[in-house]
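A.B. asks: Take a look at the letters that make up each chain.
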Amino acid sequence: MHEAWTFSDYLLLIIGAILVKNILLTRFLGNCPFLGTSRRMETATGMAMAVVFVMTLSGVITWLVQAYILIPLKLEYLQTIFFILVIAALVQFVEMFLQKSFPALYQALGIFLPLITTNCAVLGVAVINIREDFNLLQTMVFSFASAVGYGFALILFTGIREQLEASSIPEFMKGTAIGLLTAGLLSLSFFGFAGMVD
Amino acid sequence: MRVLQDFTKGLWKDIPPFRLVLGLCPTLAVTTSADGGLGMGLATTFVLTCSNILVSLLRNLIPRKVRIACYILVIASFVVIVELVMQAFFYPLYMFLGIFVPLIVVNCIILGRAEAFASKRPVLNSLADGLGHGLGFTMALTVLGAIREIFGAGTLFGHSVFGPHFAPFAFMVKPPGAFVCLGLMLGAMNIVSRGRVD
Amino acid sequence: MREITRMIVVLTAISVASGLVLSFVDKFTKDPIEYQKLKFVKGPAVLAVLTDYDNDPIKEYKKNVILEKKENSVITKILFPAKRKGKLTGVAFEVTGQGYHGSLGIMIGIDIQRNILTGMRVMTHSETPGLGARAVEPSFYSQFSGLRIDDIALSDRGGKINAISGATMTSQGVVKAVKEGMHLYLRSRKKMIDALKTG
Numbered sequence: 253m254h255e256a257w258t259f260s261d262y263l264l265l266i267i268g269a270i271l272v273k274n275i276l277l278t279r280f281l282g283n284c285p286f287l288g289t290s291r292r293m294e295t296a297t298g299m300a301m302a303v304v305f306v307m308t309l310s311g312v313i314t315w316l317v318q319a320y321i322l323i324p325l326k327l328e329y330l331q332t333i334f335f336i337l338v339i340a341a342l343v344q345f346v347e348m349f350l351q352k353s354f355p356a357l358y359q360a361l362g363i364f365l366p367l368i369t370t371n372c373a374v375l376g377v378a379v380i381n382i383r384e385d386f387n388l389l390q391t392m393v394f395s396f397a398s399a400v401g402y403g404f405a406l407i408l409f410t411g412i413r414e415q416l417e418a419s420s421i422p423e424f425m426k427g428t429a430i431g432l433l434t435a436g437l438l439s440l441s442f443f444g445f446a447g448m449v450d
Numbered sequence: 042m043r044v045l046q047d048f049t050k051g052l053w054k055d056i057p058p059f060r061l062v063l064g065l066c067p068t069l070a071v072t073t074s075a076d077g078g079l080g081m082g083l084a085t086t087f088v089l090t091c092s093n094i095l096v097s098l099l100r101n102l103i104p105r106k107v108r109i110a111c112y113i114l115v116i117a118s119f120v121v122i123v124e125l126v127m128q129a130f131f132y133p134l135y136m137f138l139g140i141f142v143p144l145i146v147v148n149c150i151i152l153g154r155a156e157a158f159a160s161k162r163p164v165l166n167s168l169a170d171g172l173g174h175g176l177g178f179t180m181a182l183t184v185l186g187a188i189r190e191i192f193g194a195g196t197l198f199g200h201s202v203f204g205p206h207f208a209p210f211a212f213m214v215k216p217p218g219a220f221v222c223l224g225l226m227l228g229a230m231n232i233v234s235r236g237r238v239d
Numbered sequence: 013m014r015e016i017t018r019m020i021v022v023l024t025a026i027s028v029a030s031g032l033v034l035s036f037v038d039k040f041t042k043d044p045i046e047y048q049k050l051k052f053v054k055g056p057a058v059l060a061v062l063t064d065y066d067n068d069p070i071k072e073y074k075k076n077v078i079l080e081k082k083e084n085s086v087i088t089k090i091l092f093p094a095k096r097k098g099k100l101t102g103v104a105f106e107v108t109g110q111g112y113h114g115s116l117g118i119m120i121g122i123d124i125q126r127n128i129l130t131g132m133r134v135m136t137h138s139e140t141p142g143l144g145a146r147a148v149e150p151s152f153y154s155q156f157s158g159l160r161i162d163d164i165a166l167s168d169r170g171g172k173i174n175a176i177s178g179a180t181m182t183s184q185g186v187v188k189a190v191k192e193g194m195h196l197y198l199r200s201r202k203k204m205i206d207a208l209k210t211g
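Chains A, B and C, in that order, are what the protein sequence lines are.
First residue of the first sequence? That's 253 in our numbering, and the numbers climb one at a time after it.
First residue of the second sequence? That's 42 in our numbering, and the numbers climb one at a time after it.
First residue of the third sequence? That's 13 in our numbering, and the numbers climb one at a time after it.
Because the hints were derived from the structure by calculation, they are not lab data.
Note that CB positions come from ideal geometry on N, CA and C, so glycine has one too.
With a straight-line cut-off of 27 Å between C-alpha atoms, the simulated DSSO-like cross-links for lysine-lysine are:
hint : chain 1 : residue 1 : chain 2 : residue 2
1    : C       : 75        : C       : 51
2    : C       : 39        : A       : 326
3    : A       : 326       : C       : 75
4    : C       : 203       : C       : 49
5    : A       : 326       : C       : 42
6    : C       : 51        : A       : 326
7    : A       : 326       : C       : 49
8    : C       : 74        : A       : 326
9    : C       : 74        : C       : 51
10   : B       : 215       : A       : 273
11   : C       : 97        : C       : 74
12   : A       : 352       : B       : 106
13   : A       : 326       : C       : 71
Which chain C residues face chain B? A few, computed with CB under 7 Å, are given here:
hint : residue
14   : 18
15   : 19
16   : 22
17   : 23
18   : 26
19   : 30
20   : 34
21   : 37
22   : 41
23   : 44
24   : 45
25   : 48
26   : 52
Computed spacing ranges between beta-carbons, pair by pair:
hint : chain 1 : residue 1 : chain 2 : residue 2 : range
27   : A       : 325       : C       : 171       : 46 to 52 Å
28   : C       : 35        : A       : 259       : 41 to 47 Å
29   : C       : 154       : B       : 202       : 33 to 39 Å
30   : A       : 321       : B       : 101       : 32 to 38 Å
31   : C       : 172       : A       : 262       : 38 to 44 Å
32   : B       : 198       : A       : 257       : 38 to 44 Å
33   : C       : 17        : A       : 344       : 16 to 22 Å
From just these sequences and the hints, can you work out the full model?
C.D. replies: Okay, structure coming up:
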């Protein structure tokens, strides 16, 4: 993507990231915490907010690391190490910052904040930004839109699951198994958007 | 012998991603073919085993406060080795696995075993634990990949199974199919283990 | 204080050890990786544009071959040799063109005895599907086989290439790049042959 992007190119990127190639349901990133935090709405919303925050910030910072450290020093092969360390450090700082300045939010997020370090969606988006050859603005937009898509899928999914809990399901399908089937159906419905972009 | 037990538990009792519900992202994404499942499984096994060995060797030297950061450094280093070796000698597999190769570093199985086991146990046991869980994961991925490939594309490891007149059930190799297949497999495993317990 | 020193020492030690091991692995895998990338990304195009060979043009590639030196710039290419019974028959290399939406990555093959094109393939582009993107179809690229330098032009300018209907810019972009590539070959033919004959 080397020529200048128009506004509609960005719009397509956003719609694509949220609906068509949803980071969670289509690209399969961020599934572990997905199935774990989608039982109750409070935890789901907490995770969604945390992901939006961290993913957007880490997308930008890792892009800067790639552009100003890895490429000039010809250390591209160390991308994985640098990126994951940046994300881990970022999550640490965010934790400390929230604890001091927004304690209520910090409590709401609970243990999900440190868990974001191992959320494959965060590292995944950072790597996608580089592989798609995005510039800084495209990186910011894509990271933010992907995070929104993740939160969107997560909250939708939690809503469905909360309803399911109330109904009767065979013993052997309870828990993760039915969760996966539900995710499959949700993913199928998102497939309906496939014709929208390109 | 304790070591043998540590090895075999990863193959069934504690098998990822079914019993040890971790490592879901790659499970869903790369199992569109048996080859992909096998390749990813073996790569993950290599990283898991090596990191378990090294973490166990260093377990008395790593200070508690920075242990997660150290584990991440160790794991990420082995992932980079896998990335480089795969690119150099198994390029088609590398192209197929895409971003999921660097994402091995956030595969919760690896960090999970490092924290829960290798940091507290001797080297030989940690090696067995890593190898067992890795091979169990590999089996799970390969089987899931085989099922999806047979029904979704009519081939197994690239070879045609049903002949030229088979109309593939494309749903299986698309994202929704992944979720559904995995959910059903998990349900089936639940039935089997409930039956055994009785 | 003791505790913090220990943390820093351990982290630094692991980082340094990791850095050393990884830079070693990187050096060891650099060449195989380069070859693999060429083989799988450009390879199919290389084999498609060459006609008379019994060797492995990709394995015998030569990189950084200096073809021309000007005051400020140097033109270098990666060359893929086609050989029959050890004797050089043709060469393939990449040229870049400008399409309607972005740059075009094109592989061309040339017969060095008769100085004609043996083939052309568009490898990378950002053109419109159904229009400029049709440059990758046989109906377009097969027109380039067997052409001499003077034939490489659109038919309405005296050449032998029929443009893709509705995609004149893309067609012209390809033609221009291929023609320039052919000119480059004619100017630096001896340098290319010398570079490929060794080893």
